[in-house]
Amino acid sequence: MFQIRIHGRGGQGVVTAAEVLSMAAFDGGRHAQAFPSFGSERMGAPVVAFCRIDERPIRTREPVMEPDALIVQDITLIHQVDLLAGLAPEAYVLLNTSKPLDALGLGDLSRRFQSDRLCTCPATEFALDQTGRPMPNAALVAGFAALTGQISLTAVEKALRQRFAGPIGERNVAAANAAFRHVTRSLAPRDPATRPVPTQAHAAAD
Amino acid sequence: MTTQPVRFFQVGSFAVGNRLLPSGDRTVQSDADRTNSLDAGHRACQGCGEALGARYAIDAAMRATAGRLLVVNATGCLEVFSTPYPQTSWRIAWLHSLFGNAPAVATGMAAAMKVKGKTDVRVVGQAGDGGTVDIGFGCLSGMFERNDDVLFICYDNEAYMNTGVQRSGATPPAARTATTEAVGSQPGNVFGQGKDLPRLAMAHDIPYVATATVADLHDLEGKVERAMQIRGARYLHILVPCPLGWGSASSDTIRVARLAQETGLFPVFEAEGGQVTAVSPIRHRTPVEEYLSLQGRYAHLFGEHPSLDVIARIQAIADHNIARYGLDPGEHDDAGPEGGRP
Amino acid sequence: MLRQIEGSRAVAETVACCRPEVVCAYPISPQTHIIEAVGAMVKSGALSPCEFINVESEFAAMSVSIGASAAGARAYTATASQGLLFMMEAVYNASGLGLPIVMTLANRTIGGPINIWNDHSDAMSVRDTGWIQLFAETNQEAVDLHVQAFVIAERLSLPVMVCMDGFILTHAIEGIDVPEQDAVDAFLPPFEPRQVLDPDDPVSIGAMVGPEAFEEVRYLAYVRQLEALDLIPAVAADFARGFGRSSGGLVRSYRTEDADTVVVALGSVLGTIKDAVDARRDAGERVGVVGITTFRPFPVQAVANALAGAQRVVVVEKAFSVGFGGVLSTDVALATQRSESSLYTVVAGLGGRPITRRHLETMLAAAGEDQLEVLTFLDLDTGVVEREQARMAAATTRPGPTAEFVLRDLALRQNGEVEP
Amino acid sequence: MEPPFAITLDVGSSRANHTGSWRVERPVYVDRQPPCSDACLAGERVQQWLYQAEPGDYEAAWRQLVEDNPFPAVMGRICYHPCETACNRAQLDEAVGINAVERFLGDLAIDRGWELPPAGSDTGKRVLVIGGGPAGLSCAYRLRRLGHHVRLVDSAVALGGMMRFGIPAYRLPRDVLDAEIERIIALGIDVGLEHTVEDIESERAEGAFDAVFVAVGAQLARRLDIPSGDSARVLDAISLLHRVADGDPPQLGLRVAVYGGGDTAIDAARTARRLGATDAVVVYRRNRGHMPAHGDELDEALAEGVTVRWLSVVDRVDPGRLVVEKVRLDDEGFPVPTGETEELAADSLVLALGQDTDLTLLERAPDVAVDDGYVQVEATMMTGEAGVFAGGDSVPSQRTATMAIGHGGRAALGIDAFLAGRDATDPPLAAPATFDRLNTWYFAEAPRTRRPELERARRVSTFDEVVGGLTEENALFEARRCLSCGNCFECDNCFGVCPDNAVIKLGPGERYRFDYDFCKGCGICVAECPCGAIDMVPEEI
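Protein chains in written order, with the numbering used here: chain A, 1 to 206; chain B, 1 to 342; chain C, 1 to 420; chain D, 1 to 541.
Keep in mind that a hint or two might mislead.
Now the stretches of chain A that chain C is said to cover, found in silico as 3 or more residues with beta-carbon under 8 angstroms [claimed, not checked]: (1) 26-37; (2) 59-71.
Chain C regions said to be covered by chain A (calculated; three or more residues, Cβ under 8 angstroms) [said to hold, decoys possible]: (3) 172-181; (4) 272-280; (5) 350-358.
Source of the hints: derived by calculation from the structure; they are not laboratory data. Using N, Cα and C, we set each Cβ at its ideal position, and we do this for glycine too.
Could you put the whole structure together from the sequences, leaning on the hints where they help?
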């Protein structure tokens, strides 16, 4: 089972990100479960959503406490929420930012997580470029696809089109592609051997 | 000599029937073949105003809808005395659910009829004042606000009679009930604004709101008929004296209702779209004492040392109503023969 | 068709396939997504003919459903928690009048203190109302139970409540095979009311019944519920034939064949329990689990059969009777009264507290060694409780609300001001 | 449908529950004597004919009316309508204009040529009626309807009695009178005019009459011995009116004084005005409150310029003048002379001081008792002599045409019973329908319709009828003002207001029946009966 935790703020589409992620995984023929951290949070408040991906039907209903991957939609949460709780050193971490980690005072992360599993992505900018709205979720799901290989870009595109009808879906697909290229590029210089392999092969890692 | 149109002065439009009227103009109640929606054998007290009001209203609704009617009844005297197992006095399709939900149940029925395309079948909800102004008000207000196609009728006897005459939001000032006893420095019910449901109903801007009493059948039936010509939420508030709770003689039920109107304490009017469109002017303006003194619930105001100040306050309420609705007979030159029908 | 879809959405689409004619809604978390989706389908015309009525309270919602059902329309509504309590009087009335209304209960606890999260307090509070209560383990089952619920309700002329865990199921997005319209139409015949208000054939419904007949009325209601014990498995079997998957029925056993310890539970926690059971099995313990799908009528015999071989029965419940203990446990106790097994009540997941596999495994381990208290509160923070008790005992002034002190205590601890 | 046990019930099943057992008092329908009928001296069942008129069935109303009185058109003009005085509606707004409706019906009948009901089948009995005034004609009419042979004799040249010779034409046009008399005679009455009965016993024997009705009226004017100068012009009112009726009016001069206070005095004064008098003054010894003349008559006279000198007696008559003495009233209302006199210019004095009956025809009938000039009769109008009846002005009672008609009718019934050898006592009257029993709320406000009156200018110059008739519309209106006191008129109130549906409506004309299986005895029907036709009586134990 592969478990993902997504952090963001109310109104940033965190739950949608988990949903799209699960839809993409479902499209890949796997079982997926997406669910929000149930609460009464309002716009702007920190929120969390989860996603599980497995080859088998997923029975458990407990929250994701030790995720295999972390997606942070809003890096400003870093000082308010224990974003890294339960994360193992081999976990994937995808941060929505256009700045280098050092510039954000997050140089620690580079030491704590594997370099090929830690990645930043200016998802909000991609979203603004393509959709005009600061909703980084579609881009980050694609970034996640690029980073982890758990889902394919094609599946993400399909899920986005399913989730967002018409032109909005297409614009999100465009943002997703930009993010996918960005993440792929930023990981490219590294040793291809450590590059994640798409889908099934990797599933056994969990 | 000037001629004048022939009008039926003998019993005017006030009696139940009149052999001189064309059959189409006669009351539903004068018809030997009326529905008798609420039939004999019910267990209401002698002289029950609510039993009378219910039969008047539902029979009229039955005529207005050619018998295509469903009725929802809130818990209360009317329900208890009409349907104790194993007998029912109703001769119509009738349902009792709960005390506070009759308006909502009626909404559900109206929705069922709409979805099934049976738009000829109309729905009436009915309750006492407790079921209307107090416990049922939430549902009633919702029904009004949605403008559901329901006529809701309140049979107002101004207290919880079913449970032994406790005060309701419709109990008038100074009236004695089991929970506003005639003791202490201010005996009886408090002087407050009361819950004037007709006006609250009007505030919802629903298509039709009217008041009536069991003392003027033509008026009452006319209002039911008018209500059934309209689609949407409609409200009819009928004053129905309760001999038990009011401490009036069982034979005085209609007389007391009449005096409630003639004193101005119970204004009779109709409103469409939130505006008063017609009033029934008072025929013989009567001081409130005449109304109050017939009723045991006001007995503490009389006797050796009458509470003239309290009576004056009640008179002031009547005067206010008369001014507010323009009920003064002097304001209506043609208050005569056609009388009750505004 | 199997789709990755939110549980609420799947339920809404399924309900729509059941062709309800009147749907009444008053919003309350976590039921909202269901009625929003049904409402949108009515508004768009996708569900037609249907009247969707936004009411002013849950009391009105059930009342509208009563009126619609009595007038011969298939009626549906959904609620949760406080909403269920607010409609309580009408809940009794619907079953008392024998109206086949179907209602989704998105299970949520009952305040105060106010809490919007999941447990089964709401469902337990209506267990005596005369409604049939079915519990969904998964969203797939929630969907399937709704189709079956309409059949059961209308065949018995009794209302049916489909209970699904709020948020945990309602807000979860997963692969669900949402029934197709044709299949539902084949399975669920048009509503033919057992009694209906009809101007052409008038009756009085809702008479006042006195002492001379009330007991008989209640007994007949009981008999009708017993009929449901036969009907529910039959409908489940029909469903399996029609839809190619098994769901519904009375009880479900998992790995109980040789189990010494059997866990009994309702709803979505069964999934996590099964994972825990698998883990304990892997560790060599003989444990199993029995899920109860039909809570009312309570299938005493089926439960007894399912638990026949167990030495220990552990009832994991998301509710409890304050001042006594288990709610489901007392029912299970009735089913196991002729056996030698020990019965444990484990109260867990109150107010949305996550029930984790780890805690369940720990509990099962303790149970296997007969170290379990008869009434256990899973994952109870004893530190908080003890400090509050001590404060109460020491208090010279008025104690104040416990809830607020507990919250304050937790906050202080989070800030490191109190030793955990 | 398989309705669930107890919760769902079949409609109307509560009729198995007989709530009549709750009752301690029961309502019963009653018929009471309405005040109009009670007051009618002619014995008309006023309320009943008004009831027929209400829906506009005037012929039925007229037929109901002439059951008791064959003179609707006459009565509608000259009756002083005690019915209206008694009418309960007077306490509500104004009395029903019964008299006007009666006249409308009477005139309509003449106009349409409606015939009276035919004579009854011949009984072989012969009755002599002496006097062709209202009493005699009324009696003759009723006797003919009962099948008796009637011989009607009168000493005058025409029938009608005081109706013809005492009442001025402006109040009762002669064509109307003639029409109604002719209609009676047409029933087959043997009339003998200018036939004066000298002796009743011989007349009866000669004609082999089985019974006799004496209705000779009061034709003799009372005189008063007033000192008078020579050639003072003094005459009596009866002669005056008779001569005017004969078309031979006397010369009265421009200033006429009339002495008296009854209706005849007023008639005389009004007649004097019509004969050219510029001053017509009535001298009366008491005040208006004590005046026997009917108020309406006085008002009409005053409107025509007649004046009244109240509290005055005539002491002396001289040519061209009277000496009038002022009087005052003592505590009992009797006039007491004051000694204060004054003169009054008058060319003539008309005495209207009352009339007496000429009873010489009874001198040889010893069993017929006469007291103070009046024939004494029993309730059946029979005198002390078997088969001899008397009525009208010759017996002690109010001397009006209405009364006379009533006497005639009652005598006819008495004669009929006598001839059949039956007891003629009336069935006891129903209890009165008093105002307090009515629920007047149901009667809409309805001011009385005024009959049109002739313009004043024309009144004093002609003998044209002063008071006009009602239009049909107004007559209907007026009829419908009737409150139907004490008698059910099928307003459906009891049927409508019963909270227990315990009144059964039996259909038009059939009224209602109480369903005592369900009547709880609340009494609302009694309270809300507009006409007081229901009583509550205790249940028997």
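Verification of the hints:
Only residues whose beta carbon comes within less than 8 angstroms of a beta carbon in chain C count, and the stretch 26-37 of chain A has 8; three or more means the coverage holds. Remark: the stretch 59-71 of chain A is confirmed as covered by chain C, as 6 of its residues place a Cβ nearer than 8 angstroms to a Cβ of that chain, reaching the required three. Using a Cβ-Cβ cut-off of 8 angstroms, 4 residues of the stretch 172-181 of chain C lie near chain A, which meets the minimum of three, so the contact claim holds. For the stretch 272-280 of chain C, the stated coverage by chain A holds: 3 residues have a C-beta nearer than 8 angstroms to a C-beta of that chain, and at least 3 were required.
Three residues within the 8 angstroms Cβ limit are the bar, and the stretch 350-358 of chain C against chain A gives 5, so the coverage statement holds.
When held up to the earlier numbered hints, the structure conflicts with none and fits them all.
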